[in-house]
Amino acid sequence: MSAASALPRSGGRPDGTVAVEAAGPPPVRRVRRNPVTWVKRGGLSTLVFALPVLVIFGVFSWWPIVRSVVMSFQKTNLVAPATWVGWDNFQYVLTDPDLPTAIRNTLYFALLALVIGFPIPLVAAVLMSSVKRLKGLYSVLAYLPVVVPPVVAVLLWKFFYDGSADGVFNTILGYVGLGPYAWLSSPSLAMPSLVIEATWAAAGGTVIIYLAALIGVPGELYDAAEVDGAGIWQKVWHVTMPQLRGVLFITFILQIIGTVQVFLEPYLFTGGGPANATLTILLMIYNYAFGRSLGGDYGAATALSVMLAAFLAILSLVYFKLTSSWSKS
Amino acid sequence: MKSPRITLAYTLVGALALGGTLAACSSDSGDGGGKSTPSASAAPTLDPNTKVTLKVVGLLPGSTKEAQAALADEVKEFQTENPNITVQTQDYEWKATTFAADLAGGTLPTVFEIPFTDAKTLIANQQITDMQAYLNQLPYAADFNKNLLQYGQGQDGDVYAIPAKSIYAVGLHYNRDLFTQAGLDPDKPPTTWDEVRTDAKAIADKTGQAGFAQMSQSGTGGWQLTVDTYARGGRVESEDGKTATLTNDGTKAALQFLQDLRWTDNSMGNNFNYDWGTINQAFAAGKVGMYTSGQDVYTSLVQTNNIDPKMYGLTMIPLEGDNSGVLGGGTMAAVSSKATDDEKAAAIKWIDFHYLRKYTNEQAAVTNAQTQVASKQPVGTPELPIFSQAQYEKYQTWIKPYVNVPLDQMTSFTSKIFDATLVNEPAVATQDVYAALDPVVQAVLTKKDADIDKLLDEANTKAQRAIDSAGR
Numbered sequence: 001m002s003a004a005s006a007l008p009r010s011g012g013r014p015d016g017t018v019a020v021e022a023a024g025p026p027p028v029r030r031v032r033r034n035p036v037t038w039v040k041r042g043g044l045s046t047l048v049f050a051l052p053v054l055v056i057f058g059v060f061s062w063w064p065i066v067r068s069v070v071m072s073f074q075k076t077n078l079v080a081p082a083t084w085v086g087w088d089n090f091q092y093v094l095t096d097p098d099l100p101t102a103i104r105n106t107l108y109f110a111l112l113a114l115v116i117g118f119p120i121p122l123v124a125a126v127l128m129s130s131v132k133r134l135k136g137l138y139s140v141l142a143y144l145p146v147v148v149p150p151v152v153a154v155l156l157w158k159f160f161y162d163g164s165a166d167g168v169f170n171t172i173l174g175y176v177g178l179g180p181y182a183w184l185s186s187p188s189l190a191m192p193s194l195v196i197e198a199t200w201a202a203a204g205g206t207v208i209i210y211l212a213a214l215i216g217v218p219g220e221l222y223d224a225a226e227v228d229g230a231g232i233w234q235k236v237w238h239v240t241m242p243q244l245r246g247v248l249f250i251t252f253i254l255q256i257i258g259t260v261q262v263f264l265e266p267y268l269f270t271g272g273g274p275a276n277a278t279l280t281i282l283l284m285i286y287n288y289a290f291g292r293s294l295g296g297d298y299g300a301a302t303a304l305s306v307m308l309a310a311f312l313a314i315l316s317l318v319y320f321k322l323t324s325s326w327s328k329s
Numbered sequence: 001m002k003s004p005r006i007t008l009a010y011t012l013v014g015a016l017a018l019g020g021t022l023a024a025c026s027s028d029s030g031d032g033g034g035k036s037t038p039s040a041s042a043a044p045t046l047d048p049n050t051k052v053t054l055k056v057v058g059l060l061p062g063s064t065k066e067a068q069a070a071l072a073d074e075v076k077e078f079q080t081e082n083p084n085i086t087v088q089t090q091d092y093e094w095k096a097t098t099f100a101a102d103l104a105g106g107t108l109p110t111v112f113e114i115p116f117t118d119a120k121t122l123i124a125n126q127q128i129t130d131m132q133a134y135l136n137q138l139p140y141a142a143d144f145n146k147n148l149l150q151y152g153q154g155q156d157g158d159v160y161a162i163p164a165k166s167i168y169a170v171g172l173h174y175n176r177d178l179f180t181q182a183g184l185d186p187d188k189p190p191t192t193w194d195e196v197r198t199d200a201k202a203i204a205d206k207t208g209q210a211g212f213a214q215m216s217q218s219g220t221g222g223w224q225l226t227v228d229t230y231a232r233g234g235r236v237e238s239e240d241g242k243t244a245t246l247t248n249d250g251t252k253a254a255l256q257f258l259q260d261l262r263w264t265d266n267s268m269g270n271n272f273n274y275d276w277g278t279i280n281q282a283f284a285a286g287k288v289g290m291y292t293s294g295q296d297v298y299t300s301l302v303q304t305n306n307i308d309p310k311m312y313g314l315t316m317i318p319l320e321g322d323n324s325g326v327l328g329g330g331t332m333a334a335v336s337s338k339a340t341d342d343e344k345a346a347a348i349k350w351i352d353f354h355y356l357r358k359y360t361n362e363q364a365a366v367t368n369a370q371t372q373v374a375s376k377q378p379v380g381t382p383e384l385p386i387f388s389q390a391q392y393e394k395y396q397t398w399i400k401p402y403v404n405v406p407l408d409q410m411t412s413f414t415s416k417i418f419d420a421t422l423v424n425e426p427a428v429a430t431q432d433v434y435a436a437l438d439p440v441v442q443a444v445l446t447k448k449d450a451d452i453d454k455l456l457d458e459a460n461t462k463a464q465r466a467i468d469s470a471g472r
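Heads up: the protein sequence lines correspond to chains A and B, in order.
The first sequence begins at 1 in UniProt numbering and counts up one residue at a time.
The second sequence begins at 1 in UniProt numbering and counts up one residue at a time.
Mixed in with the good hints there might be a few duds.
As the list claims (entries may be wrong) - The calculated SDA-like cross-link candidates involving lysine to any residue, where the alpha carbons are at most 25 Å apart (straight line), are: (1) B/Lys95 x A/Leu99; (2) B/Lys447 x A/Asp88; (3) B/Lys95 x A/Asp96; (4) B/Lys447 x A/Tyr108; (5) B/Lys252 x A/Tyr286; (6) B/Lys376 x B/Thr278; (7) B/Lys242 x A/Gly177; (8) B/Lys448 x A/Leu189; (9) B/Lys448 x A/Tyr181; (10) B/Lys448 x A/Ser164; (11) B/Lys338 x A/Phe60; (12) B/Lys448 x A/Phe60; (13) B/Lys454 x A/Leu189; (14) B/Lys447 x A/Tyr267; (15) B/Lys448 x A/Tyr286; (16) A/Lys75 x B/Thr278; (17) B/Lys400 x B/Ala374; (18) B/Lys95 x B/Ala374; (19) B/Lys76 x B/Lys447; (20) B/Lys201 x A/Pro242; (21) A/Lys132 x A/Met241; (22) B/Lys95 x B/Asn306; (23) B/Lys201 x B/Phe257; (24) A/Lys135 x A/Ile120; (25) A/Lys132 x A/Leu112; (26) B/Lys287 x A/Leu99; (27) B/Lys287 x B/Glu362; (28) B/Lys201 x A/Pro180; (29) B/Lys447 x A/Ile120; (30) B/Lys454 x A/Asp96; (31) B/Lys95 x A/Val70; (32) B/Lys338 x A/Pro81; (33) B/Lys376 x B/Glu362; (34) B/Lys447 x A/Leu112; (35) B/Lys448 x A/Phe249; (36) B/Lys95 x A/Tyr286; (37) B/Lys447 x A/Phe160; (38) A/Lys75 x B/Ser469.
Since the hints were derived computationally from the structure, they do not count as laboratory data.
None of these values were measured; they are calculated from a predicted model.
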């Protein structure tokens with residue numbers, strides 16, 4: 001039996017969940033609804049349970065989103081009364097000479113993060129799931145960078161990236177005759193340096209997700225593959241990968257969304273430099289709002305935020321549309 | 001007879017007035033109600049039985065234990081004098097890239113510090129409070145140098161921000177030890193840019209450290225390039241503040257100087273990401289031979305970076321060209337617009353006690369100097385006068401027995417600064433102009449083939465857009 005034949009048949013998904021549409025809609029008994037039946041059927045207690053979440057999301061997520069959209073059409077410094085300016089903020093942002101650079105840099109960061117940051121956690125998780133001993137220790141080691149406060153991590157790596165010959169990385173590379181490299185002071189090396197730190201900092205979280213998903217892969221599939229004579233890479237390719245497909249699709253889009261919104265690393269490492277080599281869209285948003293001491297161009301900042309959010313929403317929709325058809329196939 | 005120093009000091013403060021006038025012309029309207037004279041209404045005085053807790057700016061983050069002890073002593077003395085006021089200090093470093101976030105987020109203390117260039121806009125935006133009536137309570141309220149005071153006045157004529165400290169001109173700071181190690185005479189620092197270049201190369205070649213370093217981050221790159229431009233007779237804005245003039249010969253010459261040091265001489269080391277705090281740190285650690293910054297930076301080099309006084313030297317920034325001058329500025333104390341009347345009444349007492357009284361009252365000057373000396377804090381760092389030149393000289397006499405900074409290592413600055421023309425920072429969209437110049441400095445320092453003319457053209461477009469949008 002080939003490994004492929006061991007995949008679940010119709011109605012099953014690679015991640016093991018059962019597709020609802022395959023089972024067909026269950027018969028629904030219609031009951032006339034009124035407040036009394038709603039309360040009797042637990043509607044009130046449901047609402048009470050949901051209320052804290054609704055309030056928290058409302059206050060801290062939905063209301064700020066609405067305010068941002070409103071503010072993108074206003075001129076305001078959050079003190080004096082706001083005035084409506086129509087599309088001025090959008091026009092101002094779109095004609096900013098730094099915008100193309102920021103878009104280019106953001107896409108470059110996302111691409112590098114994808115190339116470097118996407119496969120590493122997957123490989124690490126597969127390897128870790130294969131080991132028989134000290135699995136817990138490896139998980140802890142992989143996850144450790146995630147619990148280091150991001151600012152501390154960046155300061156630590158800033159120290160590592162010291163461009164002098166006696167900097168940490170330059171010293172290590174010096175042993176094999178490489179460098180010294182300017183790292184953060186080099187327009188060509190600055191962005192890859194940021195991506196390497198970001199990958200180190202975030203990979204642990206993704207590794208844990210993959211490990212959890214790998215636990216759900218039925219052992220019989222590997223046994224069957226082994227009977228069919230599959231080697232380790234064939235098992236990974238024909239069993240593990242198809243089983244992780246659902247999780248991979250999610251982590252992929254989450255990574256795209258996350259990397260397009262990169263802020264912390266360029267802000268703390270380089271401030272967008274050198275020579276705008278690490279200026280990203282979110283850093284531009286921050287600079288509009290707070291970057292100048294007299295800052296306060298909240299209109300331009302929210303206009304760019306709204307455009308970025310709209311872009312990511314469309315990207316996500318297209319992605320899910322595409323991947324859902326791939327999943328079905 | 002008036003001494004040449006006094007005459008020249010008035011020239012300095014007169015020059016400062018120019019930028020302020022421009023700033024006043026360019027500020028957003030929105031404050032005040034068309035009054036032209038300061039408010040004469042009496043401010044509420046603080047009832048001695050009313051308890052007030054006042055949050056104020058403390059030291060720079062990471063200051064030494066000695067500096068913290070000196071501030072704690074000062075707070076204790078203040079609370080003894082005002083038992084109903086509890087002062088809470090908060091570490092603070094003004095940065096262009098974080099100030100607006102702190103202000104909007106409400107994380108600034110009630111009394112905070114701002115540069116001269118920001119006051120007018122903060123007043124127009126109603127982000128700092130009217131302190132005129134409270135200022136009137138101080139015995140020396142009428143004695144301020146008017147040309148400095150006007151930076152903190154609103155269109156209604158009232159004072160919102162009060163000149164407080166660090167009235168500075170930019171100087172060239174140098175490491176005497178590295179000069180000696182490089183075979184240079186530390187008592188004969190460079191007086192021309194060519195000499196700066198020669199000395200920087202000697203330091204780099206013989207010590208392995210950066211001969212000359214330049215700030216480039218968070219607006220400081222633009223700030224220092226403006227300093228370098230003024231020193232070569234250029235300006236980054238037209239006199240009326242309406243036109244960006246970054247493509248001037250002074251700026252080009254300043255960038256060419258950096259390019260030569262970086263790529264021809266390799267005398268600038270390997271860190272090109274310095275801002276104000278990190279370049280101080282590197283200098284105090286002996287990694288930098290020379291750099292330009294405000295003349296008063298010695299105080300924070302001691303308080304935050306534990307510098308060895310013996311290695312420190314200060315000289316004039318070289319001035320070349322007909323219209324050359326030294327960039328000057330200063331720090332004002334401001335009070336949050338959210339402060340209550342009691343907090344404002346307490347704030348003026350603190351501003352008086354902490355920043356100003358020592359300049360006008362001998363006993364206060366002596367007490368303050370004794371407190372600083374007891375905690376090994378610097379007394380006598382060169383500064384420019386907040387009140388009159390005569391008052392400043394009187395203050396210098398009061399603290400003379402307590403001066404513990406190496407003034408003899410700063411004479412090539414202190415003996416000449418009053419002969420120089422002081423030029424104020426660009427008046428309109430100051431931080432935006434600096435932000436536009438940051439990438440230019442960074443590009444010249446990190447890209448060997450950086451095209452100065454092209455970079456300046458692009459920066460000029462951005463700066464002009466910022467100037468045009470200043471009241472957007």
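**Report entry** Structure-inconsistent hints, enumerated in ascending order
**Finding:** Of the numbered hints given earlier, those the structure breaks are 2, 5, 7, 12, 15, 16, 18, 19, 20, 25, 26, 27, 29, 31, 35, listed in rising order.
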